[in-house]
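J.: From just these sequences and the hints, can you work out the full model?
Spelled out, the chains give:
Protein chains: 2
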Amino acid sequence: MKTLVIYDIEIDKVRVKISELCKDYGLKRIQYSAFFGELNTNRREELRQRIKKALGQTVGRIHFFPICDKDLRLVAQVMNLPEVLIDGADGEASC
Amino acid sequence: MKTLVIYDIEIDKVRVKISELCKDYGLKRIQYSAFFGELNTNRREELRQRIKKALGQTVGRIHFFPICDKDLRLVAQVMNLPEVLIDGADGEASC
Chain A
1 MKTLVIYDIE IDKVRVKISE LCKDYGLKRI QYSAFFGELN TNRREELRQR IKKALGQTVG
61 RIHFFPICDK DLRLVAQVMN LPEVLIDGAD GEASC
Chain B
1 MKTLVIYDIE IDKVRVKISE LCKDYGLKRI QYSAFFGELN TNRREELRQR IKKALGQTVG
61 RIHFFPICDK DLRLVAQVMN LPEVLIDGAD GEASC
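Going down the list, the protein sequences come from chains A and B.
If you number the first sequence the way this note's numbering does, the last residue is 95 and the count never jumps.
If you number the second sequence the way this note's numbering does, the last residue is 95 and the count never jumps.
Source of the hints: derived by calculation from the structure; they are not laboratory data.
Heads up, none of these hints are tricks.
Since the list gives no way to pick out one identical chain from another, each pair is judged satisfied if it fits inside one copy or across any two copies.
With a Cα cut of at most 25 angstroms, we get these calculated SDA-like pairs of lysine to any residue:
#1 K53 <-> G37
#2 K23 <-> V78
#3 K52 <-> N80
#4 K53 <-> A76
#5 K70 <-> R43
#6 K13 <-> V78
#7 K23 <-> F64
Predicted, not measured: the structure shown is a model, and the values here were computed from it.
T.: Listed below in structure tokens is the structure:
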């Protein structure tokens, strides 16, 4: 099932560690502190345990939202990307 | 249906405006840049349009995830709150 992981972590080093764990489990970054991808129940719980261990006593909040296919079809977004991402490098949007 | 709104916004003033819009629509903050609550389809789209207008040309990404009751029961979290939030003011956890 698709899973969304979102987090608020105060300490940079811990935040990076948690983003790396999400990548290790095949999730893709959709926002600075949000990852999304396929995880079955066991893998989701395994990731949760590893994130819990990585967080340790650091102040932070991590939520794991399973997203079923029906809900996935209703996901909406609003997005303005930086111009450098739209056209490559020089800051001029190509559209 | 329950809806999760998450956002990455570069400019503080715009970010605050978007958090205020989420509150205006009855959503509760669950992380610094994540709100959650009940929104029917019309209200969700109305909020999306208002957020789009508030974002304007600012660089940012906002996602709207509907969360059905079945998925809601499977939501998991890991959380360490600051001690001042646990016991009120003096920094000593009460548990």
